[in-house]
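Residue numbers (my numbering), protein chains in the order written: chain A, 1 to 364; chain B, 1001 to 1283; chain C, 2001 to 2318.
Some clues are possibly wrong.
[Stated by the list, open to error] Below, in silico cross-link-like pairs of lysine-lysine (PhoX-like), each with a Cα-Cα straight-line distance of 20 Å or less: (1) A/Lys108 - A/Lys168; (2) A/Lys91 - A/Lys108; (3) A/Lys91 - A/Lys105; (4) B/Lys1009 - C/Lys2126; (5) B/Lys1173 - A/Lys91; (6) A/Lys116 - A/Lys131.
[Claimed, not checked] Under 10 Å between C-beta atoms, here's a sample of chain B residues computed to sit facing chain A: (7) Pro1059; (8) Glu1062; (9) Gly1066; (10) Lys1173; (11) Leu1175; (12) Glu1177; (13) Ala1179; (14) Arg1180; (15) Ala1184; (16) Gly1188; (17) Val1197.
[Stated by the list, open to error] Calculated Cβ distances over 12 Å to all of chain B for the following chain C residues: (18) Thr2092; (19) Phe2102; (20) Tyr2278; (21) Gly2281.
Please keep in mind that the hints were generated in silico from the structure rather than gathered at the bench. Just so it is clear, CB atoms sit at the ideal spot from N, CA and C, and this is done for glycine as well.
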Amino acid sequence: MAEVILTGVNKWYDAHVHAVKDVNLHAHDREFMVFVGPSGCGKTTTLRMIAGLEEISSGEIRIGPRIVNDLPPMDRDIAMVFQNYALYPHKSVYDNMAFGLQMRKFAKEEIAKRVKEAAAILGIEPLLQRKPRQLSGGQRQRVALGRAIVRHPSLFLFDEPLSNLDAKLRVQMRVELKRLHERLETTAIYVTHDQVEAMTLGDRVVVMKDGVVQQVGEPMELYGKPANKFVAGFIGSPAMNFAEVTIAESAGALWAEATGIRVKVPPASTAAMRPHTGKHATLGVRPEALRLANGSDPAEYVFDATVDVVEPLGAEILLNISAGPHALVARVDPGVTVKMHDKVRLAFDPAKLHFFDHSSEAAL
Amino acid sequence: MVIERKWKKVVYFYVPLALFILFTLFPFYWMAVTALRPDPELYRSWRASNATPFWTLEPTFEHFVGLLQTTAFPQWLWNTMLIAIVSTVISLICGMFAGYALARLKFKGSEFLGTAIFITYLVPQTLLFIPLADIIRNMHLGNTPWALMLTYPTILIPFCTWLLMGYFKTIPKELEECARIDGATRFGAMVRIIFPVAVPGILSAGIFAFTLSWNEFIYALVFLSSVENKTVPVGVVSELIRGDIFFWGQLMAGALLGSVPVALVYSFFVEYYVAGLTGSVKG
Amino acid sequence: MKPAVAGAGGAAVAALPGERLVVSRWTRLLENQRVLAVALLVPGVAILTIFIAYPFVMAIWFSLTDISVGTAGKFVGADNFKKAFQDTIFQTAFWNTCFYTFWATVFKLALGMWLALLLNRHFRFKRMIRAWMLLPFIIPTVLSTFAWRWMFDPTFSVINWVLYQSGWISDRLPFLSNGDWAMWCAIVVNTWRGTPFFAITLLAGLQTINPDLHEAAALDGANAWNRFWHVTWPLLLPVTLVVVVFSVIQTFSDFQLIYVLTGGGPANSTHLVATYAYQLGVASGLLGEGAAISLFMFPVLCLVVWFQLRYLKRMEGA
Chain A
1 MAEVILTGVN KWYDAHVHAV KDVNLHAHDR EFMVFVGPSG CGKTTTLRMI
51 AGLEEISSGE IRIGPRIVND LPPMDRDIAM VFQNYALYPH KSVYDNMAFG
101 LQMRKFAKEE IAKRVKEAAA ILGIEPLLQR KPRQLSGGQR QRVALGRAIV
151 RHPSLFLFDE PLSNLDAKLR VQMRVELKRL HERLETTAIY VTHDQVEAMT
201 LGDRVVVMKD GVVQQVGEPM ELYGKPANKF VAGFIGSPAM NFAEVTIAES
251 AGALWAEATG IRVKVPPAST AAMRPHTGKH ATLGVRPEAL RLANGSDPAE
301 YVFDATVDVV EPLGAEILLN ISAGPHALVA RVDPGVTVKM HDKVRLAFDP
351 AKLHFFDHSS EAAL
Chain B
1001 MVIERKWKKV VYFYVPLALF ILFTLFPFYW MAVTALRPDP ELYRSWRASN
1051 ATPFWTLEPT FEHFVGLLQT TAFPQWLWNT MLIAIVSTVI SLICGMFAGY
1101 ALARLKFKGS EFLGTAIFIT YLVPQTLLFI PLADIIRNMH LGNTPWALML
1151 TYPTILIPFC TWLLMGYFKT IPKELEECAR IDGATRFGAM VRIIFPVAVP
1201 GILSAGIFAF TLSWNEFIYA LVFLSSVENK TVPVGVVSEL IRGDIFFWGQ
1251 LMAGALLGSV PVALVYSFFV EYYVAGLTGS VKG
Chain C
2001 MKPAVAGAGG AAVAALPGER LVVSRWTRLL ENQRVLAVAL LVPGVAILTI
2051 FIAYPFVMAI WFSLTDISVG TAGKFVGADN FKKAFQDTIF QTAFWNTCFY
2101 TFWATVFKLA LGMWLALLLN RHFRFKRMIR AWMLLPFIIP TVLSTFAWRW
2151 MFDPTFSVIN WVLYQSGWIS DRLPFLSNGD WAMWCAIVVN TWRGTPFFAI
2201 TLLAGLQTIN PDLHEAAALD GANAWNRFWH VTWPLLLPVT LVVVVFSVIQ
2251 TFSDFQLIYV LTGGGPANST HLVATYAYQL GVASGLLGEG AAISLFMFPV
2301 LCLVVWFQLR YLKRMEGA
């Protein structure tokens, strides 16, 4: 039971590579916080600094009441689950799980009790005497989890634990992990490159890029109110559509204009966009916010396009369309019957338009 | 597998292989035959016709008996075994520690040290024995097994260190990291997790060191003077030739018996030995 | 709430409920990578320093003095080296060493490669044969060399006997009584001893070559020799290089074989640098001169290793 606070944390490699840049984060007690981002964004490095496996170049990390900067991993009261499980090959499952407790000189009976308890929660009791090489990937995963649980640590750390599992198992384990977290009520920090895992598992999600925290927030907040273009494009699948537009004033209202697209800036955003009149900006709209126009859609929020590719997914259809030079993706109902090269008219949902500054990419 | 004709197989495969085996093993066979031949049969001129050139109809153990009873051979065997075991243990421990430090720990000068250890391998023993004789004498270790137990590691440590370094590098880092998070110190993680997982590598280094120890000659020759303290190679060379006369029967018996312990130990660890041989070259 | 605790060193860490953490100063210190590395390296480095580095420096010092057994030496500069250059025995010894190393290595490589190719197939008793084949390398050199000496003995040689009985020769071959013959005999023994080392190591290298490559080459029309030369040999080059260097280092500084086989004779014609240095240093007691002779080996070895490293780096880069 502990909160994790990172203040001004930086990591330099060799004075040239600035892997983690001035990270400030606060994970609340019992929160499941997910770090997500593309490879090389610094999420794993940050996790390893929290674990004590990397030295902190500058800044401070607190776990619970203690500043842990100089504490070796064994003193931080944490447990970690690795991508490759890191099970001790020469020890049985029981000994793997008992190792941490043995290191801390727990009594034999207490160790036995805790191991059996954890094994029961994870359903691996029949495996206790086996060696890791006799287990399947999913079973090894559970043993790795069990090893972390028995210690009753203040903080759980996960380094892409589901990446090595096949797709079906991954989905199953995701649900189990969430249930486990509910039950254990311990703060957890989880690193992944998969935004689906981030959205489904995290109480709050931290999006990172190039060592910088882009945004911290609850999943739906990141989805609906992305702080910048990167977050907008990273979260959500298929990714948000972007188009370069120029903001023009006409008849007292602002319009976003580009070849093939002319859309009115919704009233809600007008105040924010006014300073950008006459300049470039980036327009963003999610595939699910586009639909085939029917007669009742207001003309300001409609545009014409040609269908390039139709991808039927069963529950929905993805339309790859082009409007002028812009290639966009729209998610439409399965009942829609259009074919390649058809000309269609699409409508935006004005409430779901996003604008981003052209140079800084921040949301406007 | 590329298919080939049957006769080609015989000519290009079985015949050469048989020749190699013959060439390789004949000297040992000859050693054994000579050791079992009675003296009169032994010293027959190369020209004399011989009904049983390659074996003997009257095998005798007199050479072995003579060797074991009239010379200090048993003592030499014991000395050599003791020295080999102690040197191997010392070198293994040093090699395990050094190999781990160089493979896993980041510190300034690790590359330099790795190269330095490699360079020591290039310094020939025939250069060092001269000043070493002095040093050993000053330490009052002359003519004692400790003279060798401390100097053999100089040949064995570089090898053990490389071999184990290469081996440690193949063990995933996560194992140690997990152990450290679980509560082990760095040293504890090394000893409880890394070393047990590296047992095959350690056995390879150990058996290789053991055979190298048995094979060492020049330091033993220079540092050991009294007959009871000698090792098998030195003893056989210096004591079984009295005057100018070679007692070939006993010599071959000695050579055979002297080879048996090494061969025996080797036979239990063949796979490890081969792994050590190939591992050192690749790593 | 427990008080915030910072830092390593001897500071106590607040124990968490249910645990008994016993932490000592030493444990803290050894967590530091640098400290631990030093602690781990000390035993090995100490032994190597005391028994290699220090004597090496001493040997260099010796080689620059006229020290001999019983008499302290005075500095004579490069006299010992000059003497060595002019010493005909040394010249012979140096030439012998190069000759011996060169031919032995060539034979070991060729035979070792051939043997490795043979062993690379599947056949019954493969494991056992492979184990037996390594025996020459395992058995102490001195002992096996004695067996060869017996086989080359002027009066009792079994080789002479076989050749005579089958009519190939009418007079015995002067294996060890003629300088040139003796060198070749030494090369034969060294080859006998070292081929297994080459064979086993090259075999391991061969086993890493994807068999698909040979099959593709065969389909392309290459015969066995071509397959070897164009596919196997290039891929095996790194391993070959390392094995050759190891072998050259060993063979160049070889002592035991010649010492037992010929003792350097007849008439100092088969001396190697190592055996001659021994003769000067121990038999004659001229430590300074012996050291100087030995030192000639070191730069040659360094050169060999340097060449190999450069070649390897170039190959890795390519």
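Can you confirm whether the C-alpha distance between B/Lys1173 and A/Lys91 stays at or below 20 Å? Holds, at roughly 17 Å.
With 12 Å as the threshold, tell me whether C/Phe2102 passes as away from chain B on beta-carbon distances. 18 Å, holds
Mind checking the alpha carbons of B/Lys1009 and C/Lys2126 for me, to see if they're no more than 20 Å apart? 16 Å, holds
When the nearest CB of chain A is found for B/Ala1179, is that gap smaller than 10 Å? 7 Å, holds
Can we trust that C/Tyr2278 is non-interface, i.e. its beta-carbon lies farther than 12 Å from all of chain B? C/Tyr2278 is in fact no farther than 12 Å from some Cβ atom of chain B, at 6 Å.
B/Pro1059 as an interface hint toward chain A, with CB separation required under 10 Å: 49 Å, violated
Regarding the pair A/Lys91 and A/Lys108, is the alpha-carbon distance no greater than 20 Å? Satisfied, since the Cα-Cα distance of roughly 17 Å is no more than 20 Å.
Taking 10 Å as the limit, does the beta-carbon of B/Arg1180 come near enough to a beta-carbon in chain A? Cβ of B/Arg1180 sits 5 Å from chain A, so the hint holds.
Does B/Glu1062 pass the interface hint, meaning its C-beta sits closer than 10 Å to a C-beta of chain A? Since chain A brings no Cβ nearer than about 52 Å to B/Glu1062, farther than 10 Å, the hint is violated.
Against the 20 Å threshold, does the CA-CA distance of A/Lys108 and A/Lys168 hold or violate the hint? 38 Å, violated
Less than 10 Å between beta-carbons is the criterion; does B/Lys1173 satisfy it with respect to chain A? This hint holds: B/Lys1173 lies near chain A, its Cβ roughly 9 Å from the closest one there, short of 10 Å.
So, B/Gly1066 near chain A? Judge it on the closest CB pair being under 10 Å. It is violated, given that the least Cβ distance between B/Gly1066 and chain A is near 50 Å, above 10 Å.
Comparing the model with each numbered hint stated earlier shows that hints 1, 7, 8, 9, 20 and 21 do not hold.
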